[in-house]
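S.K.: Here the structure of chain A is known, so what remains is to put chain B in place on it, guided by the hints.
Quick mapping for you: the protein sequence lines, in order, are chains A and B.
Here my numbering is used: the first residue of the first sequence is 1, the next is one more, and so on.
Here my numbering is used: the first residue of the second sequence is 1001, the next is one more, and so on.
If you're looking for bench data, these hints aren't it; they were derived computationally from the structure.
Some hints here could point you the wrong way.
As a list, the in silico BS3-like pairs of lysine-lysine whose alpha-carbon atoms are at most 27 Å apart [to be verified]:
| id | chain 1 | residue 1 | chain 2 | residue 2 |
| --- | --- | --- | --- | --- |
| 1 | B | K1041 | A | K14 |
| 2 | B | K1003 | B | K1068 |
| 3 | B | K1105 | B | K1056 |
| 4 | A | K9 | B | K1105 |
| 5 | B | K1105 | B | K1017 |
| 6 | B | K1105 | B | K1041 |
| 7 | B | K1041 | A | K9 |
| 8 | B | K1056 | B | K1003 |
| 9 | B | K1017 | B | K1056 |
Over 12 Å on every C-beta distance to chain A, these chain B residues come out as not near it, computed from the model [said to hold, decoys possible]:
| id | residue |
| --- | --- |
| 10 | E1001 |
| 11 | T1027 |
| 12 | S1042 |
| 13 | F1047 |
| 14 | G1059 |
| 15 | L1061 |
| 16 | H1075 |
| 17 | V1080 |
| 18 | L1083 |
| 19 | I1111 |
Don't be surprised by glycine CBs; every beta carbon is placed ideally from N, CA and C.
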Amino acid sequence: NAGVTQTPKFQVLKTGQSMTLQCAQDMNHEYMSWYRQDPGMGLRLIHYSVGAGITDQGEVPNGYNVSRSTTEDFPLRLLSAAPSQTSVYFCASSYLDRAIFGANVLTFGAGSRLTVL
Amino acid sequence: ELKVEQNPLFLSMQEGKNYTIYCNYSTTSDRLYWYRQDPGKSLESLFVLLSNGAVKQEGRLMASLDTKARLSTLHITAAVHDLSATYFCAVAPSGGGADGLTFGKGTHLIIQP
Chain A
1 NAGVTQTPKF QVLKTGQSMT LQCAQDMNHE YMSWYRQDPG MGLRLIHYSV GAGITDQGEV
61 PNGYNVSRST TEDFPLRLLS AAPSQTSVYF CASSYLDRAI FGANVLTFGA GSRLTVL
Chain B
1001 ELKVEQNPLF LSMQEGKNYT IYCNYSTTSD RLYWYRQDPG KSLESLFVLL SNGAVKQEGR
1061 LMASLDTKAR LSTLHITAAV HDLSATYFCA VAPSGGGADG LTFGKGTHLI IQP
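If we strip away everything but chain A, and leave its shape as in the complex, we get (with noise of 0.2 Å):
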């Protein structure tokens, strides 16, 4: 199993460019989410997903947009990238396990480091 799968690895933006960030995974998790690390910052979360067709916003959504279309695929849409948007920014996949109580243990991506120029 290849777990959670982000592409692209590097990218360079130029100020008002737009991209996507794809994120798939092959385990059947219900539930998705995308983060951003910053120095210093921890990991913030931009949007999260309990399902296909449903998606909600997390602590810092502003300048991004997500979808998802189906259980597999969650893509980070940035519609006008900004410095501000400088950052590594990680998927992550998970269910409630219930062996575990319901935790919610995520797997992370390998992320994705975008510089905005």
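M.R.: Below, chain B without anything else, positioned relative to chain A:
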């Protein structure tokens, strides 16, 4: 709004020593997670703590949870260089968890020979 605070944020220690990382959170929760991140890598799950008084141990790492104090600790015993990494705690809102976790800022741990 759920807030998660870790301290210290940076820790340099010698091999063989013991130390504790603290994780405080601001609102009721009964699900706390610890993750490890090596430089330039992704996050790896270490522990899941689900109830007051829960204690989990793996090798030289031991994690505990006090839900009344809203505090979790990650204790390192007789540290070795391989434990050098950034450690994050993350908390799920009470009654849920599918809607994402709130992470602390991480503790950057360097263990020197």
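S.K.: Now, for every hint given, state plainly whether the structure supports it.
M.R.: Structure-based check of all given hints:
no., hint, verdict
1, B/K1041 to A/K14, "25 Å, holds"
2, B/K1003 to B/K1068, "16 Å, holds"
3, B/K1105 to B/K1056, "22 Å, holds"
4, A/K9 to B/K1105, "23 Å, holds"
5, B/K1105 to B/K1017, "24 Å, holds"
6, B/K1105 to B/K1041, "16 Å, holds"
7, B/K1041 to A/K9, "11 Å, holds"
8, B/K1056 to B/K1003, "23 Å, holds"
9, B/K1017 to B/K1056, "20 Å, holds"
10, E1001, "9 Å, violated"
11, T1027, "14 Å, holds"
12, S1042, "5 Å, violated"
13, F1047, "10 Å, violated"
14, G1059, "19 Å, holds"
15, L1061, "17 Å, holds"
16, H1075, "21 Å, holds"
17, V1080, "24 Å, holds"
18, L1083, "20 Å, holds"
19, I1111, "21 Å, holds"
Violated hints, in rising order: 10, 12, 13; the structure is consistent with all others.
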